[in-house]
Structure formats: structure tokens, C-alpha cells
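Participant: In case you want the letters, here they are:
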Amino acid sequence: MQDPCQLVRKTFGDPVADDLRFVVKAVVGEENYIDMTPNKSNNYCCGGGGGFLQSGFPDERRQYGKLKDDQIKATGATYCITPCHNCHAQVHDLSEHYGGHYNVVHLWTLICLSMGCLGPNERTYLGEDLAELLMPEVREEEE
Amino acid sequence: MVDEVVKIGKKRKSAFKDMVKSILPEGGNLDACLTCGLCSSGCPATGIGDMDPRKFLRMAALGLDEELTTHPWAWHCTMCMRCIHACPMKINIPQLVFNARKAWPRDKRPKGILGSCDMALRNDTCSAMGATEEDFEFVVGDVLDEVRATQVGWEDLEAPVNKEGAEFFLNQNSREPVTEPDEMVPLWKILHKVGADWTYGTKGWAAENYCMFMADDEAWKHIVEVKKKAVEDLRCKVWLNTE
Ligand code: SF4
Ligand code: SF4
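For the protein sequence lines, the chains are B and D, in the order given.
Numbering follows this note's numbering, with no gaps: position 10 of the first sequence is 10.
Numbering follows this note's numbering, with no gaps: position 21 of the second sequence is 21.
If you're looking for bench data, these hints aren't it; they were derived computationally from the structure.
It cannot be assumed that every hint is accurate.
[Unchecked claim] Straight-line distance between alpha carbons at most 30 Å, and here's what the computed DSSO-like set of lysine-lysine pairs gives:
1) Lys90(D) - Lys10(B)
2) Lys111(D) - Lys228(D)
3) Lys40(B) - Lys193(D)
4) Lys237(D) - Lys10(B)
5) Lys21(D) - Lys10(B)
6) Lys10(B) - Lys55(D)
7) Lys66(B) - Lys102(D)
8) Lys55(D) - Lys66(B)
9) Lys111(D) - Lys10(B)
10) Lys25(B) - Lys193(D)
11) Lys10(B) - Lys108(D)
12) Lys102(D) - Lys10(B)
[What the hints assert, rightly or not] Examples of chain B residues lying across from chain D (beta carbon under 8 Å, computed):
13) Gly47
14) Phe52
15) Gln54
16) Gly56
17) Thr109
18) Ile111
19) Cys117
20) Gly119
Computed from a predicted structure; not experimentally measured.
Quick reminder that beta carbons are idealized off the backbone N, C-alpha and C, glycines included.
The task is simple: from the sequences and hints, build the whole structure.
Facilitator: So, in C-alpha cells, the structure goes:
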């Protein structure tokens, strides 16, 4: 999981990082969770912050994100959870650009998946392994 | 890695650094640097454009104003604050960077950020993608209708807009309503499950604030004030902005 700088280091500190881990572990199972190093308030920014995604410096932005990509790959995890909008866009791009092809998901996606209520149109960022998992019941729309 | 030596002609006084110091509490400690390099060793932007945070700060200390306020690195630092977190002297490099951004002529600042800021100033939604009040209300209603009609057990899901007196006023990044509206649904479901009393507002709903990244103080302040007023007008207690 990417600790968002904005939420963790810049605002609520390690307690909120611990809260995030509590939720993520409850959702994916403790044994499936791997932390990056360093993390929490010491985490590296992914490179999506400060307007970098919009500033028109894609090469520099990816150079910045290389450290994050290496960090994610070092965990061997197949999913990176990004509980921040900018992080999601940036890490998703890093995964494709540097060829790691790990999946990058919003926290809300995993919470709803684990509750068995993630609808068919809400699965864009899940990998093939989870794409059909716990699919809730749907009915055809009546006109 | 820094392989280019910074050349200093004569001793110069940094007007830029003095300006930054004057607006920071206790001068932001800008003179207290030990040159230990902790900031640079843990900064992902180190090496981009042959720059790093310590070098940037030293350039300010040496009065290299011209170089500082024109070097694009001001836009490569994300102001993530890891350096100040690591720095033994708590030197506020991101503030220095913010002010370096501010020193750029407005029309020379990165077009993507400039465009997003200007777009957000155009109407009270504060959307950097230009989505209007009507667009937003329509998309939310449309997505909600579809979920209620097709997803078993979610016939009474709600996504309130302009609900007066709600506990939470929720902001939403423009990307969802504009480009991937279905991504809003999981959040609504979670709020529904926990019984949260929440609402969107047609005004001030967009979470992003590019004017802040632009270092345009007036515009940044305006955006925050529009959003604050939207929250207050609906008499909501908590303003939730996840950006
Ligand atoms: S960490 Fe602080 S004291 Fe050390 S070089 Fe950087 S700014 Fe100077
Ligand atoms: S705030 Fe800027 S200089 Fe400091 S660690 Fe982050 S990117 Fe580097």
C-alpha cells in the first residue's frame, strides 16, 4: 500500500497509517499484506503530487517514480493499493511504463469486493485473478 | 548525483531567500543548514535536471536567484515534505520550492497546471475539468438510477446532492464524474453500509485545487473560499476532502 503523503506525513501522521493498515488487513487478510520499506511518515512520494501529473514533464515524473516502482517490485506483491487519487494515477502509469504490471487499485474497490458488493462495472482495476470473484447478483435493466 | 559545479562570481545577496525568510515563521531556518545531505539522499527528485534539495537550498543561500527561479526543478519537486521530515534542522525546502514557483511569470508556468487552475476558476463547482453543476448532478443521478435498477439489494442506495444539514460534505475528484463515473459507486456503498449522513454539493464539489500547485495565492484562496461557502451554505458539520 502506498501511504499518501498528503494524508499521512503531511496531515495525520503514523496513526492514520496504522488505521489504513487495520482496514487493509481486515479486507485482504493479514497474511496477504506486505509493507514497502520505508513506509508510513517516512514513505517516498510516488511522484503524482504537487501537480506533477498535469505539469507536462512525463519523463521527469517517471524518473521521480522509479524509486516507488522499485519499492513496489521489491515486495513481490501483485496489487498495490493507492488510497489517494493522484497516487492511483501515477502508480498505475508506473506499473505500465516500467513493465511491472502489478495491479493498482483504489481502497474503496477492495473494501466493496470483500463485502461482496462490488458491481460488474466497478472492477476496472482488478486483475484477472479477482475480476470475477464474489460477483454480486444483478438483474437486467427494465426499460 | 550532482556532477556540475555551481560557479559563483561575486558574493551576492539573495533577495529571493530574504523574501522567503520574511514570510516563514522564524525565517524557516533557511540559514541553519548543516549540509548533511539527508534531504537529498531521501528525495525521489534528486538527480532530476542535475538538481537536488540541498543544492537548491545552497543556491538560495548563495544568492543564485536567477538560476533558482527559472530552473524547472521547482516543478519536479512534489512538495511531499519528506526532506523536512528527515532534516535535523527542520528546514522548509518545499516552501522554498513553492516560492520559486511563485517567482515564475504566470503565463510561463506549466500549461497543464495553469489550464486546470483557470478552468476551476470559471465556475463554482471548482472543477479543473470544467464540469458544471448540471453535469455533476446529472451524472450522479444517472449512475445512481442504474445501480438501483440493476444491482440486487441496492434499490435504496443514496447519493444525496445538496442535502441540507448533512453531517459530511463529500468532495469528489473531477476524474470520476467526468471520465469513470462507475468508480463513485463503491464509495457510496461504503457510506451507505456504515449509515453515514452525507451529501455532495452542486457547488464546490470538485476536490482538486491546481491553483495551489500553481502557487497562485489569490486563486488558491478563492477556490478554498468557494468550497468552504458551499459546505457552510448546506450547514454540514464535516468537510471531507480526500485530495
Ligand atoms: S537535511 Fe536539512 S540540514 Fe541536512 S542538508 Fe538538507 S536542508 Fe541541510
Ligand atoms: S518536498 Fe521536494 S525536495 Fe523535499 S523530499 Fe519531497 S520532492 Fe524532495
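Participant: Does each hint fit the structure? Answer for all of them.
Facilitator: Okay, the hints, checked on the actual structure:
1. Lys90(D) - Lys10(B): 14 Å, holds
2. Lys111(D) - Lys228(D): 27 Å, holds
3. Lys40(B) - Lys193(D): 28 Å, holds
4. Lys237(D) - Lys10(B): 23 Å, holds
5. Lys21(D) - Lys10(B): Holds, at roughly 21 Å.
6. Lys10(B) - Lys55(D): Holds. Lys10(B) to Lys55(D) sits at ~23 Å (cutoff 30 Å).
7. Lys66(B) - Lys102(D): 28 Å, holds
8. Lys55(D) - Lys66(B): Distance ~21 Å between Lys55(D) and Lys66(B) Cα, so the pair holds.
9. Lys111(D) - Lys10(B): Holds: Lys111(D) and Lys10(B) sit about 27 Å apart, inside 30 Å.
10. Lys25(B) - Lys193(D): Since the Cα atoms of Lys25(B) and Lys193(D) sit roughly 19 Å apart, the hinted pair holds (cutoff 30 Å).
11. Lys10(B) - Lys108(D): 28 Å, holds
12. Lys102(D) - Lys10(B): 21 Å, holds
13. Gly47: With Cβ-Cβ at 6 Å, under 8 Å, it holds.
14. Phe52: 5 Å, holds
15. Gln54: Given a least distance of 4 Å, the restraint on Gln54(B) holds.
16. Gly56: 5 Å, holds
17. Thr109: 6 Å, holds
18. Ile111: 6 Å, holds
19. Cys117: Because about 5 Å separates Cys117(B) from the closest Cβ in chain D, which is inside the 8 Å limit, the hint holds.
20. Gly119: At 5 Å from the nearest chain D Cβ, Gly119(B) passes the 8 Å test, so the hint holds.
Going through the hint list in order, the structure satisfies each hint without exception.
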